[in-house]
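Peer 1: In case you want the letters, here they are:
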Amino acid sequence: MRQTISAWAGAFLLVSTVTSVGAHHSPSAIFDMSTRISVTGTLTKIDWINPHIVIAMDAKGSGGSLERWTFESNPPSWYRSVGLARADFAKVIGQTVTVEGVRARDRSLFGYMQKITLPDGTSLELINSADSK
Amino acid sequence: MLKRYVSSFAWAMLVPAVVLAQQAHPDLSGAWSYAIDRAPAALKKTVNGVVTIQKIDQSARHGDATAVPGARPSTPAPSYKPEHQAKVKHLFDNESKLDPVFYCGKPGVPRIGPPRKIVQLPAETIFFYEDISGDPYRIVPTDGRPHRVNANPSHYGDSVGRWEGQVFVVDARNFVDDTWIGEDGYFHSAELRVTERLWKVGDNMVWQATVEDPVVLAAPWVMPPRLVRPSTESLEESPKCVETDGAKLLNDDHHLQR
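Residue numbers (the working numbering), protein chains in the order written: chain A, 1 to 133; chain B, 1001 to 1258.
In case anyone wonders, no lab produced these hints; they're calculated from the structure.
Among the hints, a few may not be true.
Stated by the list, open to error - Derived lysine-lysine pairs resembling DSBU-like cross-links, with alpha carbons at most 30 Å apart:
1. B:K1097 x A:K91
2. B:K1106 x B:K1117
3. A:K45 x B:K1106
4. A:K91 x B:K1200
5. A:K45 x A:K115
6. B:K1097 x B:K1087
7. A:K115 x B:K1248
8. A:K91 x B:K1087
9. B:K1055 x A:K115
10. A:K60 x B:K1117
11. A:K45 x B:K1240
12. B:K1117 x B:K1240
13. A:K60 x A:K115
14. B:K1200 x A:K60
15. A:K45 x B:K1087
16. B:K1081 x A:K45
17. B:K1089 x A:K60
18. A:K60 x B:K1106
19. A:K60 x A:K45
20. B:K1087 x B:K1117
21. A:K115 x B:K1097
22. B:K1044 x A:K91
23. B:K1045 x B:K1055
24. B:K1248 x B:K1117
25. A:K45 x B:K1200
26. A:K115 x B:K1087
27. A:K45 x B:K1089
28. B:K1045 x A:K91
29. B:K1200 x A:K115
30. B:K1045 x B:K1200
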């Protein structure tokens, strides 16, 4: 397992326009929208629940300690509409994935998943609809 | 004599057919696109270097169909009596903490918007919904019966329907008072009454609601109409709703919902 956390200056515009939290609160009420993180670790769980799907993963911290991360993402109905089901994530439980997103302002091991790269290299990324034309 | 008889017979056959044709109601049955708010994002999928973009249809989620034929003049927001405006502002300012929908609450009528599926039968029409809070349904009698006398107040009310020409009109009342009629703190009383109008424009359906609440509103609120497209996406049971973000909110930021 390998964990890397990187901050990209200027990422605010990209992330804030994604507005991934959807039919809920503003993402800035919980997440630090100015910093995008990347966490690599073992996918341990996928909860297909409203108002956000939730994934859990174990990653190795900078000091070598085990870090248990939780990421929420868009609602199940959104994933269904873009052709993804719980099984698309569940099939890689126990395998190494990389999740990119924004981290909670309280610095807990909690974030909003905006991109996941699966073991076979397939990546699934939430992007702004206006940028997808 | 025979000629006159034949002519009269022909008219007798023709007139009812014309009347029936004029009275025939459009069929609203079918699945319709999601009208609830979802994340305004598209999916970028990359497999072996090949990129595909999958967008979702969110055209039905907000009332931007004011120019469609049959739409009534509308306003984007309700008008509250002066003594209730401070409460609306308080709810709006604290929306992310006080809006029941944020915490898996039922949106009720009219906030849930147009149905996801309609089954139109001779004596009743059934509305099905998919929502984060669950999957409610409404059975709307169309046989002329009155509202139920002993029905308990509910989030989706007691409805009866009728046809006004090509427009299906649903009169809903007998609501509980713990829902909002829209975002931005639009609360209501138990005197809420909602009239929904649904009609076809080509293959699409239009849904427009009028909200009356003599206790809190200064005037009926005619909501902006929504144009809803047919959907090929089948309905699916909504997963349970487990809200855990509320305790993590560090400010009152919120954004457009519905």
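Peer 1: If a hint holds in the structure, say so; if it does not, say that too.
Peer 2: Do the hints match the structure? See the list:
1. With a C-alpha separation of about 36 Å, the suggested pairing of K1097 (chain B) with K91 (chain A) is violated against the 30 Å cut-off.
2. For the given pair, K1106 (chain B) sits about 18 Å from K1117 (chain B) by alpha-carbon distance, which is consistent with the 30 Å threshold.
3. For the proposed pair K45 (chain A) and K1106 (chain B), the alpha carbon gap of about 28 Å is at most 30 Å, so the pair holds.
4. At most 30 Å may separate the alpha-carbon atoms for a hinted pair to count; K91 (chain A) and K1200 (chain B) exceed this at roughly 43 Å.
5. A distance of roughly 16 Å separates the Cα atoms of K45 (chain A) and K115 (chain A); the hinted pair therefore holds under the 30 Å criterion.
6. Distance restraint check for K1097 (chain B) and K1087 (chain B): the Cα-Cα separation of roughly 14 Å lies within the 30 Å cut-off, and the hinted pair is therefore satisfied.
7. A distance of roughly 22 Å separates the Cα atoms of K115 (chain A) and K1248 (chain B); the hinted pair therefore holds under the 30 Å criterion.
8. Distance check on the hinted pair: K91 (chain A) and K1087 (chain B) sit about 49 Å apart at the alpha-carbon level, beyond 30 Å; violated.
9. Using a Cα cut-off of 30 Å, the hinted pair K1055 (chain B) and K115 (chain A) holds, with the two alpha carbons roughly 16 Å apart.
10. Using a Cα cut-off of 30 Å, the hinted pair K60 (chain A) and K1117 (chain B) is violated, with the two alpha carbons roughly 47 Å apart.
11. Straight-line distance between C-alpha atoms of K45 (chain A) and K1240 (chain B) comes to about 17 Å, which keeps the hinted pair within the 30 Å bound.
12. Of the pairs offered as hints, the one joining K1117 (chain B) and K1240 (chain B) holds, with about 20 Å between alpha carbons and a cut-off of 30 Å not exceeded.
13. For the given pair, K60 (chain A) sits about 19 Å from K115 (chain A) by alpha-carbon distance, which is consistent with the 30 Å threshold.
14. About 57 Å separates the Cα atoms of K1200 (chain B) and K60 (chain A), which puts this hinted pair outside 30 Å; it is violated.
15. A distance of roughly 42 Å separates the Cα atoms of K45 (chain A) and K1087 (chain B); the hinted pair therefore is violated under the 30 Å criterion.
16. Taking the CA atoms of K1081 (chain B) and K45 (chain A), the gap is near 50 Å; set against the 30 Å cutoff, the hint is violated.
17. The straight-line distance between the Cα atoms of K1089 (chain B) and K60 (chain A) is roughly 46 Å, outside the 30 Å bound, and the hint therefore fails.
18. Annotation: proposed proximity of K60 (chain A) to K1106 (chain B) is violated, straight-line Cα distance about 40 Å (limit 30 Å).
19. For the hint pairing K60 (chain A) with K45 (chain A), the CA-to-CA distance comes to about 17 Å; that is within 30 Å, so the pair holds.
20. With a C-alpha separation of about 35 Å, the suggested pair K1087 (chain B) and K1117 (chain B) falls outside the 30 Å cut-off, and the hint is violated.
21. Note on K115 (chain A) and K1097 (chain B): the hinted pairing holds, with a Cα-Cα distance of about 28 Å set against a maximum of 30 Å.
22. About 20 Å separates the Cα atoms of K1044 (chain B) and K91 (chain A), which keeps this hinted pair within 30 Å; it holds.
23. This hinted pair checks out: K1045 (chain B) and K1055 (chain B) have alpha carbons roughly 11 Å apart, not beyond 30 Å.
24. Under the criterion of a C-alpha separation no larger than 30 Å, the hint pairing K1248 (chain B) with K1117 (chain B) is inconsistent with the structure, at around 35 Å.
25. Restraint check for K45 (chain A) and K1200 (chain B): the C-alpha separation of about 45 Å exceeds 30 Å, so the hint is violated.
26. Of the supplied pair hints, the one linking K115 (chain A) and K1087 (chain B) is violated, its CA atoms being roughly 40 Å apart against a limit of 30 Å.
27. Our distance criterion of 30 Å between C-alpha atoms is broken by K45 (chain A) and K1089 (chain B), whose separation comes to about 41 Å.
28. Pair hint K1045 (chain B) plus K91 (chain A) holds up; C-alpha atoms about 17 Å apart against a cutoff of 30 Å.
29. For the given pair, K1200 (chain B) sits about 40 Å from K115 (chain A) by alpha-carbon distance, which is inconsistent with the 30 Å threshold.
30. A threshold of 30 Å between alpha carbons decides the hint, and for K1045 (chain B) with K1200 (chain B) the separation of about 36 Å lies outside it, so the pair is violated.
Against the hints set out earlier in the document, violations occur for numbers 1, 4, 8, 10, 14, 15, 16, 17, 18, 20, 24, 25, 26, 27, 29 and 30.
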